[in-house]
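Colleague: Mind docking chain B on chain A? Use the hints.
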Amino acid sequence: MVSVDPTEHEIAELGPKIKDVEDLDELEEMLELEEGGEDRDPVKTLIEGRIEKLSADDEEPDPSEADLTELTVADIANLVRGIEDVDVLEDILERERDGKERKSAISQIENRIEDLTQDDDGEAAEVEYVPPEEKYPELDHPTSEKRWVEGTVDGDYRDMWVYCETQQGELIDASKEILGKASELMAGYNEEYDEDEAVVAVLIGEDVSELAEEAVAYGADRVVYQEDERLERFRHKPYTEIFCSMCRDSDFEWRDYHEPRYTVFPATNNGRDLSALVQAELDSGLASDCSDLYIDSATISNPAKTGTPGDNKVFERVLHMPRPDFSGFEYSTILCIDKPHRDFHPQGASVIPGTFDLPDPDPEREGEIVEHELELSEEWFHVEVTDYDQLEGGVDLTGNEVVVALGRGIGEDPTKGMELGLELADAFEEADLGLSRGVITASYQFDGHVEDYVAEERQIGESGQVVEPDLYIAAGISGAVQHKVGMDESDTIVAINTDPDADIRGFSDYYIEGDLFEVLPRLTEALKEGEFSRAVAEVSDD
Amino acid sequence: MTDDYEHFEAVVVGAGPGGAAAAATLAEAGVETLVLERGVDAGSKNVSGGLIYAEESAPYTIDSIFDGFREEAAERPISEYYIHNLAGEKVKTFDLSDIHHHDTEWCDAVLRRQMDSWLAERVHEKCRDTGGGLLTEVRVNGLLREEGEIVGVTCDEIDPITADVIIAADGVNSELARDAGLMDWEEPDEWFQGVKAVVDMDPGAVNDRFGVESDDGVAHLFSGDLFQGVRGGGFLYTNEDSLSIGTVFHLDSLTEEEAEPHELLDSLLTHPLLDQWLDGEYHEREYSAKLVPDSKKAANPSPHQGRLLLVGDAAGQMQAQGPIIKGMNHAVTAGGLAAEAFAEAKSRGNPDSAGDLYEKKLVDEGVMAKLRPQRYRMTRTLSESDLVTKVAGGVLDSAVGRAGVKLFDGAIERAFNSPFLLGMIPDTRTSYVTVPRVVGEVLGERIDAENTIEPPELDDRIGDLTYDVGDPHIELVDNSFAASGAAVAACPVSAKDFGGGCYREETVKTNGSEEKVVSLDTQPCVECGTCAVVADTEWEHPAGGKGVEFKDG
Numbered sequence: 001m002v003s004v005d006p007t008e009h010e011i012a013e014l015g016p017k018i019k020d021v022e023d024l025d026e027l028e029e030m031l032e033l034e035e036g037g038e039d040r041d042p043v044k045t046l047i048e049g050r051i052e053k054l055s056a057d058d059e060e061p062d063p064s065e066a067d068l069t070e071l072t073v074a075d076i077a078n079l080v081r082g083i084e085d086v087d088v089l090e091d092i093l094e095r096e097r098d099g100k101e102r103k104s105a106i107s108q109i110e111n112r113i114e115d116l117t118q119d120d121d122g123e124a125a126e127v128e129y130v131p132p133e134e135k136y137p138e139l140d141h142p143t144s145e146k147r148w149v150e151g152t153v154d155g156d157y158r159d160m161w162v163y164c165e166t167q168q169g170e171l172i173d174a175s176k177e178i179l180g181k182a183s184e185l186m187a188g189y190n191e192e193y194d195e196d197e198a199v200v201a202v203l204i205g206e207d208v209s210e211l212a213e214e215a216v217a218y219g220a221d222r223v224v225y226q227e228d229e230r231l232e233r234f235r236h237k238p239y240t241e242i243f244c245s246m247c248r249d250s251d252f253e254w255r256d257y258h259e260p261r262y263t264v265f266p267a268t269n270n271g272r273d274l275s276a277l278v279q280a281e282l283d284s285g286l287a288s289d290c291s292d293l294y295i296d297s298a299t300i301s302n303p304a305k306t307g308t309p310g311d312n313k314v315f316e317r318v319l320h321m322p323r324p325d326f327s328g329f330e331y332s333t334i335l336c337i338d339k340p341h342r343d344f345h346p347q348g349a350s351v352i353p354g355t356f357d358l359p360d361p362d363p364e365r366e367g368e369i370v371e372h373e374l375e376l377s378e379e380w381f382h383v384e385v386t387d388y389d390q391l392e393g394g395v396d397l398t399g400n401e402v403v404v405a406l407g408r409g410i411g412e413d414p415t416k417g418m419e420l421g422l423e424l425a426d427a428f429e430e431a432d433l434g435l436s437r438g439v440i441t442a443s444y445q446f447d448g449h450v451e452d453y454v455a456e457e458r459q460i461g462e463s464g465q466v467v468e469p470d471l472y473i474a475a476g477i478s479g480a481v482q483h484k485v486g487m488d489e490s491d492t493i494v495a496i497n498t499d500p501d502a503d504i505r506g507f508s509d510y511y512i513e514g515d516l517f518e519v520l521p522r523l524t525e526a527l528k529e530g531e532f533s534r535a536v537a538e539v540s541d542d
Numbered sequence: 001m002t003d004d005y006e007h008f009e010a011v012v013v014g015a016g017p018g019g020a021a022a023a024a025t026l027a028e029a030g031v032e033t034l035v036l037e038r039g040v041d042a043g044s045k046n047v048s049g050g051l052i053y054a055e056e057s058a059p060y061t062i063d064s065i066f067d068g069f070r071e072e073a074a075e076r077p078i079s080e081y082y083i084h085n086l087a088g089e090k091v092k093t094f095d096l097s098d099i100h101h102h103d104t105e106w107c108d109a110v111l112r113r114q115m116d117s118w119l120a121e122r123v124h125e126k127c128r129d130t131g132g133g134l135l136t137e138v139r140v141n142g143l144l145r146e147e148g149e150i151v152g153v154t155c156d157e158i159d160p161i162t163a164d165v166i167i168a169a170d171g172v173n174s175e176l177a178r179d180a181g182l183m184d185w186e187e188p189d190e191w192f193q194g195v196k197a198v199v200d201m202d203p204g205a206v207n208d209r210f211g212v213e214s215d216d217g218v219a220h221l222f223s224g225d226l227f228q229g230v231r232g233g234g235f236l237y238t239n240e241d242s243l244s245i246g247t248v249f250h251l252d253s254l255t256e257e258e259a260e261p262h263e264l265l266d267s268l269l270t271h272p273l274l275d276q277w278l279d280g281e282y283h284e285r286e287y288s289a290k291l292v293p294d295s296k297k298a299a300n301p302s303p304h305q306g307r308l309l310l311v312g313d314a315a316g317q318m319q320a321q322g323p324i325i326k327g328m329n330h331a332v333t334a335g336g337l338a339a340e341a342f343a344e345a346k347s348r349g350n351p352d353s354a355g356d357l358y359e360k361k362l363v364d365e366g367v368m369a370k371l372r373p374q375r376y377r378m379t380r381t382l383s384e385s386d387l388v389t390k391v392a393g394g395v396l397d398s399a400v401g402r403a404g405v406k407l408f409d410g411a412i413e414r415a416f417n418s419p420f421l422l423g424m425i426p427d428t429r430t431s432y433v434t435v436p437r438v439v440g441e442v443l444g445e446r447i448d449a450e451n452t453i454e455p456p457e458l459d460d461r462i463g464d465l466t467y468d469v470g471d472p473h474i475e476l477v478d479n480s481f482a483a484s485g486a487a488v489a490a491c492p493v494s495a496k497d498f499g500g501g502c503y504r505e506e507t508v509k510t511n512g513s514e515e516k517v518v519s520l521d522t523q524p525c526v527e528c529g530t531c532a533v534v535a536d537t538e539w540e541h542p543a544g545g546k547g548v549e550f551k552d553g
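Order-wise, the sequence lines are chains A and B. The working numbering numbers the first residue of the first sequence as 1 and each following residue consecutively. The working numbering numbers the first residue of the second sequence as 1 and each following residue consecutively.
Bound conformation, chain A alone:
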């Protein structure tokens, strides 16, 4: 009896159904039924396919006879896994070498042979250590000269070092965020492992000693700084030399270890550069652009790390560094783990700015501040910075006492409207011109002298700037909610509009019903005569 009678089903339904049939006899019977019924070719193919698959599962192909050219590398891997006889494997190896000679297939077979021969010795053999220079003499080994490469095994590592980047003489937010997180991580670490390790902040630049206290307030236990006027701007060579010297060569009393246990950098432009240079110089790895950090143990089976195939080894105190992959659709957690004959410390990460919350500074917090005085070689500065440009911050309307904002009411004569707005703004001591989104996205034609003012950087509202001046003058702006959120915290709002039903009237302190082309010049005039408030009161209807 069959559970599925193919003659009773459409082919599309049969696919999934047949997949579940495990009994060969039943399938044969189904095939007969179909042949006796509609005799649909695709259905027969489907059933036959299933029969083939099941029979294949039943009989392991005889490895000594299997045609390797028919098999994929994955098939070969599966095949050899089940073979215990080294001679059979040697035979397969030979045939593969004579046949397709696929590298990955050959290494699969070799590995299996290796596994088996090792087992024969009664215990798992240690992987014999051959220094890379000997193992791969054909390659050049640019790090072989370096004193720290291959040198440090079972070294002593402590503390979490945080690079504190500065801009314009201030700690950047990303550095403060990382300090806060580092302090939290190390508190947990010290409790968990009963240690007393610290957060060490690194400051490099001109006059950075002034920022040391602040770094402590944000979470550093120790601050190491080096200052020099030549370090005013970020420079690859000296910054890298100084950072490495601080954490490797300095002879502070407390730094009685080889290198830091962890290093964390902000994933800013400069932070990314420095992190890569420093971690390479310290001969360790780097997980860049991380989106979280935590410390935990990790169980690793990779023989390259454990030293013994087939063994699991638990590594303690591993910095887990998750980072987005594939445009953020997947996350990978990067671990930087020592291996036999070579340590990978410090475990280094750069962290995307904004990943961690900006902590509140604690001015009471205490920390040790030490100056590092590495002699700076002139050679490190041989790259000369001949010119640099400050990125335009755009127009910042937020600091003004007065903002004069223009809306689509200027549409009648946009250039004239802009001129009038600018004249009024000029008549105040500290004022600037803002615009509604409607003006910026309009197809108004402006004359050259006012055209530059029409830019998104002057936009006020939800998708622009939010301002809270003492006085906000909205001329020809209806006051849509998107605009309102950008200005309704202003102390005094004066609205000029021809439409008495305009929404803006509802949240203005003064409403002037009138054409901005007439009202603005009068306000400018009044202001020059020092009678602005009277002028407003006079023309205002509210």
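Honestly, the hints are just simulated from the structure, not real lab data. Check before you lean on any hint, since a few could be wrong.
Once the Cα atoms are required to be at most 20 angstroms apart in a straight line, the calculated EDC-like pairs of lysine to aspartate or glutamate come out as [stated by the list, open to error]:
1. B:K509 with A:D413
2. A:K484 with B:E457
3. B:K509 with A:E412
4. A:K19 with B:E32
5. A:K305 with A:D156
6. B:K496 with A:E412
7. A:K528 with A:E518
8. B:K546 with A:E462
9. B:K360 with A:E10
10. B:K509 with A:D156
11. B:K516 with A:D447
12. A:K416 with B:E514
13. B:K360 with A:E13
14. A:K19 with B:E457
Facing chain A, according to a computed beta carbon distance under 7 angstroms, are these residues of chain B, among others [said to hold, decoys possible]:
15. E344
16. S347
17. D459
18. G463
19. A483
20. G499
21. G500
22. E506
23. S513
24. V517
25. S519
26. D521
As the structure is a computational prediction, the values presented were derived from the model and not from experiment. The beta carbon of each residue, even a glycine, is placed where N, CA and C say it ideally should be.
Modeller: Then chain B, alone, in the frame of chain A:
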């Protein structure tokens, strides 16, 4: 080259009912399926009037694919169906329950955000078992071709993906259908535009005011002279704790009359007839809009090309004939059939035949006959001519015509309830405006009520929607008023003399000469696609997760 791209057996673009049905059916057949959705959540981009049907004659229904749909994803079942013919303050109501229940297993009111996100969760589960899944906030922006053949899709956010079949369920403004040249945005008379308000109402109030049990609901349609002569009508559906009230108009008629969609909606909302249900209270939860293909003209009879199969609105599969408005059920059927076609073609060892098979199934299962009724095509030339419209209008308005209407009172109601006659309804003023108006005038009773509600102004409606302004996703190619001016009125978030909308009319003075132009700000865009048809634009959807986000839809 394309070997480097990630490959799935099937990629489904869009997680509405069509995409969900396709993906679930594919997954069921063991096909490795990836679903890509551009919204922050499935349903966040989707709007519909709000009724989903399960047809007795259809091979797939939404609840046959998704267990528990009606209980968990739908609002109220709709058991009563009326149309109100309005003339001034007179109304004549016909009971259309016969046509509503014809071939109907059930019909529920739905809100799309809730419905689609519920579907998406199930789709993700099912697809994950096949090695695929559903990704949101990914906008598919075009087709990946190799030597001229479609082999996959390209996206804004992630690398291109190749697939053995691509099911485009990316909605009425399908960019894939346009990339393949299977659909266009050329003719306004192939489209309707719908706008809708979701109105808050306590469940108890819904029960009382509509005379229904808490697990029951009702639909009301409106036609006649309340829409400034624009061809179309209105609807009101009861949800659990809200009403969906909207209007749908022929886009060509809307632009001809330069009517403002939001004002037409307001004339329905403020009509005295609605007072019995609104009772002076009005809180609008959401304002939304959507372009609706008229399947009679727009449905592509051969909606596939190479590995690309179109389903639902993307293929113009939206049946609107008089009071019959069915879209989602056809999308579900088409999705199921497209999936079935691919599974079958694949098991025959010829996956490339999926498209032909899909086309055949649409015909064999009777879907195409519903979408493009032959009767309509045969009578259209005659009945839609201007002359006939004028004569019919004249006759109906004459004493003779009026007497006829009186005489045939019952016959008209029966005619509305006949699926056969509805298939022939021509798209003219006669059927949409004149007949209902004359019916209302002659047979109607005066409504003795005052509707005092005040719908929100357009700027407040826009302000309540959530936007994320990125790069403008629509570009105005020709900003002259002649080319693109129609959008100022027709765009549901724009209006004449309103500066806060997408499209604004402006006068530019250069060297003493004046020119009327149109400017565009996509900030308040609801992505309905109207301007793609009526203005000269380069129209794309915003990137994944950007743009409007509907909470009800």
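Colleague: A separate judgement is required for each hint: does it hold in the structure or not?
Modeller: Here's how the hints hold up against the structure:
no. : hint               : verdict
1   : B:K509 with A:D413 : holds, 8 angstroms
2   : A:K484 with B:E457 : holds, 16 angstroms
3   : B:K509 with A:E412 : holds, 9 angstroms
4   : A:K19 with B:E32   : holds, 15 angstroms
5   : A:K305 with A:D156 : holds, 18 angstroms
6   : B:K496 with A:E412 : holds, 16 angstroms
7   : A:K528 with A:E518 : holds, 16 angstroms
8   : B:K546 with A:E462 : holds, 15 angstroms
9   : B:K360 with A:E10  : holds, 15 angstroms
10  : B:K509 with A:D156 : violated, 77 angstroms
11  : B:K516 with A:D447 : holds, 18 angstroms
12  : A:K416 with B:E514 : holds, 16 angstroms
13  : B:K360 with A:E13  : holds, 18 angstroms
14  : A:K19 with B:E457  : violated, 59 angstroms
15  : E344               : holds, 5 angstroms
16  : S347               : holds, 5 angstroms
17  : D459               : holds, 5 angstroms
18  : G463               : holds, 3 angstroms
19  : A483               : violated, 13 angstroms
20  : G499               : holds, 4 angstroms
21  : G500               : holds, 4 angstroms
22  : E506               : holds, 6 angstroms
23  : S513               : violated, 11 angstroms
24  : V517               : holds, 5 angstroms
25  : S519               : holds, 4 angstroms
26  : D521               : holds, 4 angstroms
This entry does not satisfy hints 10, 14, 19, 23, going by the numbered hints stated previously.
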